[in-house]
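Join the two chains, each given in its own frame, into one complex according to the hints.
Chains as they are written, first to last, in this note's numbering: chain A, 1 to 105; chain B, 1 to 128.
Worth flagging that the hints you see were computed from the coordinates, not collected in a lab. Take the hints with a grain of salt, since some may be wrong.
[Stated by the list, open to error] Straight-line C-alpha distance at most 20 Å; calculated SDA-like pairs for lysine to any residue:
1. B:Lys98 <-> A:Asp98
2. B:Lys115 <-> B:Gln69
3. A:Lys44 <-> A:Phe101
4. B:Lys115 <-> B:Gly32
5. A:Lys43 <-> A:Asn76
6. A:Lys90 <-> B:Asp102
7. B:Lys109 <-> B:Leu79
8. A:Lys90 <-> B:Glu88
9. A:Lys90 <-> B:Val104
10. A:Lys99 <-> B:Ser99
11. B:Lys98 <-> A:Gly63
12. A:Lys52 <-> B:Asp36
13. A:Lys33 <-> B:Glu88
14. A:Lys90 <-> A:Glu104
15. B:Lys98 <-> A:Arg89
16. A:Lys90 <-> B:Leu95
17. B:Lys115 <-> A:Ile94
18. B:Lys13 <-> A:Pro30
19. A:Lys90 <-> B:Ile38
20. B:Lys98 <-> A:Glu96
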Amino acid sequence: MALDIKINFDEDNNYWLVKPIGEVDIYTSPELKDKISQAVGDKKADIVIDGKELEYLDSTGLGTLIGILKMIKDNNHKIYIRNLRANIRKLFDITELDKVFVIEE
Amino acid sequence: MKSDVFKLTIPSKPDYISVARLTSSCISSKLGLSIDEIEDIKVCLSEACTNALERTDEINITFEVTKDQLIITVDDVLLPENDDEKMEEIHFGILIMKSLMDEVNFSEKGVEMIKYLEDGLHEKEKEL
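Next comes chain B alone, as it looks inside the complex (with noise of 0.2 Å):
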């Protein structure tokens, strides 16, 4: 099966953030994902955006929906590299990233975050 692909790029401001978040609840939603994975999505997608904001102009986000996988791919988000203080919120995200998700990969480009599928999309998928 081909996946099916989202993208969505917004301006780096902290205002249009929540933008992205509806997106993700929106596109979850549709895929079947109960209320609680819902949730969890909007706060990775938040965190990941959040992170990315101040290094780039515009953050691309790519939502890929597979048989089973819902894959977020968000362009410059980075693993700090050290314990500064400041930090904190940063090391705050990328725990509760990892938590919630499935998958998180990390790599020069950015970050991908995986969440399982189970029934949901196969019903979805009887109805087309």
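If we strip away everything but chain A, and leave its shape as in the complex, we get (with noise of 0.2 Å):
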């Protein structure tokens, strides 16, 4: 397994929960972002990113975020990240993309 992902509407809090488990390099996110377009092109919605059982992540998931961000960002969305590990925190630093993303502590 090199990469799962779980993606479900909650209708309570209305955001698309995206739980991403394994690893997100330039082999497994394309199939991320089909995944989350496809979501976010059914119902537009802020899209919140679970990384609790997101084991790793390099500069192509960054990119796919900033494309998935691209799409729901004209309807005022936002892209909200939460339970990430601190090396993977770490790069969202690096890259100044921590003010373009909601990154929950």
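In structure tokens form, the structure reads like this:
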């Protein structure tokens, strides 16, 4: 298993909850992009990424998230990211994408 | 002390970059680096491989272990020439490499990334 992605719409809070399980790299990021694109294509809403079981992410994953944000930002929707491991959190600081996404501590 | 050298060549396919990543993790762990340092090295090596991917049929990686350094070289890694938006990920990759490694040197051949080793290696040496 390289990456498993669970996506559900949270009716109570009106957002897409995305749980990537495993590794997001150049091989698996297209799948992440396709699945989330499909979801927001069906229904535009905020996206919450739960990073609890995200083991690895690199620039290709960051690029994917930016691409997804571009799809929803015209409707003033945001991407919230929570439960990130410290070594992944650090990548958002380095690239200053902590200012682009809402990182919840 | 003569340095120890590992050489790895992988086909230029996205699905094999994880193999290079695992190899870097294995070598770093053997050198007694911390979990955080191992994660940093994994990301940096992946960034270098991702950068080289479309430029070559096979990606050549060398891990050189000296008394106080782990030197990882990846051929065909280039600094992007312009600020094209398509290059955003490549720019992020380079920023990540420069931030997480102790030294990053680009040349015509590719990139050399250095992680300084502390006590971990010395203890391993004593065992040997």
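We went through each hint and held it up to the structure:
1. Distance hint between Lys98 of chain B and Asp98 of chain A is fulfilled; the C-alpha atoms sit about 18 Å from each other, no more than 20 Å.
2. Proximity of Lys115 of chain B to Gln69 of chain B is assessed by CA-CA distance (about 6 Å); at most 20 Å being required, the pair is judged to hold.
3. Annotation: proposed proximity of Lys44 of chain A to Phe101 of chain A holds, straight-line Cα distance about 17 Å (limit 20 Å).
4. About 12 Å separates the Cα atoms of Lys115 of chain B and Gly32 of chain B, which keeps this hinted pair within 20 Å; it holds.
5. For the suggested pair Lys43 of chain A and Asn76 of chain A, the alpha carbons sit about 14 Å apart, so the restraint of at most 20 Å is met.
6. Distance restraint check for Lys90 of chain A and Asp102 of chain B: the Cα-Cα separation of roughly 16 Å lies within the 20 Å cut-off, and the hinted pair is therefore satisfied.
7. Straight-line distance between C-alpha atoms of Lys109 of chain B and Leu79 of chain B comes to about 12 Å, which keeps the hinted pair within the 20 Å bound.
8. Proximity of Lys90 of chain A to Glu88 of chain B is assessed by CA-CA distance (about 18 Å); at most 20 Å being required, the pair is judged to hold.
9. With a CA separation close to 18 Å, the supplied pair Lys90 of chain A and Val104 of chain B stays within the 20 Å bound.
10. Only pairs whose Cα atoms come within 20 Å are accepted, and Lys99 of chain A paired with Ser99 of chain B is accepted, the gap being roughly 18 Å.
11. The suggested pairing of Lys98 of chain B with Gly63 of chain A holds, with an alpha-carbon distance near 18 Å, which does not exceed 20 Å.
12. The hinted pair formed by Lys52 of chain A and Asp36 of chain B meets the criterion: a straight-line CA distance of about 17 Å does not exceed 20 Å.
13. A C-alpha spacing of about 16 Å is found between Lys33 of chain A and Glu88 of chain B, which places the hinted pair at or below 20 Å, so the restraint holds.
14. For the suggested pair Lys90 of chain A and Glu104 of chain A, the alpha carbons sit about 13 Å apart, so the restraint of at most 20 Å is met.
15. Restraint check for Lys98 of chain B and Arg89 of chain A: satisfied, since their Cα atoms lie roughly 17 Å apart, inside the 20 Å limit.
16. The hinted pair formed by Lys90 of chain A and Leu95 of chain B meets the criterion: a straight-line CA distance of about 12 Å does not exceed 20 Å.
17. Among the hinted pairs, Lys115 of chain B with Ile94 of chain A is consistent with the structure: their alpha-carbon atoms are about 18 Å apart, no more than 20 Å.
18. With a C-alpha separation of about 14 Å, the suggested pair Lys13 of chain B and Pro30 of chain A falls inside the 20 Å cut-off, and the hint holds.
19. Between Lys90 of chain A and Ile38 of chain B, the direct Cα distance comes to roughly 14 Å. Compliance with the 20 Å bound is thereby established for this hinted pair.
20. Under the criterion of a C-alpha separation no larger than 20 Å, the hint pairing Lys98 of chain B with Glu96 of chain A is consistent with the structure, at around 14 Å.
When held up to the earlier numbered hints, the structure conflicts with none and fits them all.
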